[in-house]
Amino acid sequence: MVKTLTTPSDTLTISSRIEERLKKGELTKRQVDQFQNFLKEVDREFLHHRIITNNTYTRWFSEGKATDTELRHFIKQFSIFSNQFLIAALLKVINSPTLQQSRASREILLNELGVIYRRVGQPTASIAAQTEESKDREGDPELVSTEGTVDGGICRFRAAHFEWLTGVAEGLGLHYEDIGKRKHGRPATLHFCDELQRLYGSDDPAIAEGASFAVENWAAAGFWQELEDGLMRIKQTRHPHLRLAFFTWHNRVEAQHAGHTLEELEDVYFSPNFDREKFLQGGKEILEAIAVFWDGLESDRLPPHPSLTTNNQQLTTHHE
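Count along the sequence shown from 1, add 72, and you get the number used in the working numbering.
Just so you know, these hints were derived from the structure itself, not from any lab. Be aware that one or more of the hints could be misleading.
To be verified - In silico DSS-like cross-links for lysine-lysine, where the CA-CA straight-line distance does not exceed 27 Å:
no., residue 1, residue 2
1, 350, 101
2, 112, 96
3, 137, 307
4, 356, 112
5, 112, 95
6, 350, 112
7, 112, 101
Claimed, not checked - Computed spacing ranges between beta-carbons, pair by pair:
no., residue 1, residue 2, range
8, 113, 308, 39 to 47 Å
9, 171, 98, 18 to 26 Å
10, 169, 248, 33 to 41 Å
11, 254, 338, 31 to 39 Å
12, 227, 255, 27 to 35 Å
13, 349, 101, 23 to 31 Å
14, 125, 247, 32 to 40 Å
15, 126, 344, 34 to 42 Å
16, 86, 349, 19 to 27 Å
We put the beta carbon where it would ideally sit given N, CA and C, even for glycine.
Using the sequences and the hints given, assemble the complete structure.
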């Protein structure tokens, strides 16, 4: 059964962490009530944004009816966002206002680059003691962990997320040199990439925090499931050798990232310098940029776009 994007009611509520701080007297009842009202506003402005609750493109994609031309176009544009995200993630690390936030940002960036999550309590020595065959499998995205920390983890080139996506592209006649670069991007895709750098990587902590919160909760809201549903149907009906680990792994891991952003929000909200208006601004603006990206893909697929025909002819000529 295909799952569609949904936003549960009362998604953002006071956590047990905040309740414990209230019991200890670290927070007043008035502070907690104000935070609860703020969470309701964030829930309304972010989690009920139409690109989270009603993404027309991914809903269509989940049906598995994309032609090979449409599928190649999607993979190419998604690869640009995926690869260019590294720049925004690095900016987020550089501009992090605290060491703790820098480490949280590095968790995401280093995992993107191929450092495998290590489950807490798993000694590093046990990794080295594995056979060469089993160590090589750690680069297989079907086997790596979706939980833990990169601290003490190991790096594998094949564990880099972009290499997984390259594996998907290869099954559709695209190669490393065909994907991931700005020169391959449609205007809507490049706008999204630029906004990620401006907002997610902002040197204004409140803007960056709002953008990060919105991005991670968008990623956890269900679009990965719709992409996986569509790709699984295509794999079952047309491309049995299509490698989908990039999409299945992200579908499993994104909820962990969203949980971390709520903890981060709890930490920064009660700091004296927290700017709630800028937080909301960062989140709302990045969601609009996300919408531009998906709307661009939706627009490209509706009329036969000249660039899609040209790209398909070039691929056909290249492989004849």
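Do the hints match the structure? See the list:
no. : hint                    : result
1   : 350 <-> 101             : holds (25 Å)
2   : 112 <-> 96              : holds (24 Å)
3   : 137 <-> 307             : holds (11 Å)
4   : 356 <-> 112             : holds (15 Å)
5   : 112 <-> 95              : holds (22 Å)
6   : 350 <-> 112             : holds (16 Å)
7   : 112 <-> 101             : holds (17 Å)
8   : 113 <-> 308: 39 to 47 Å : holds (43 Å)
9   : 171 <-> 98: 18 to 26 Å  : holds (21 Å)
10  : 169 <-> 248: 33 to 41 Å : holds (36 Å)
11  : 254 <-> 338: 31 to 39 Å : holds (36 Å)
12  : 227 <-> 255: 27 to 35 Å : holds (28 Å)
13  : 349 <-> 101: 23 to 31 Å : holds (24 Å)
14  : 125 <-> 247: 32 to 40 Å : holds (36 Å)
15  : 126 <-> 344: 34 to 42 Å : holds (38 Å)
16  : 86 <-> 349: 19 to 27 Å  : holds (22 Å)
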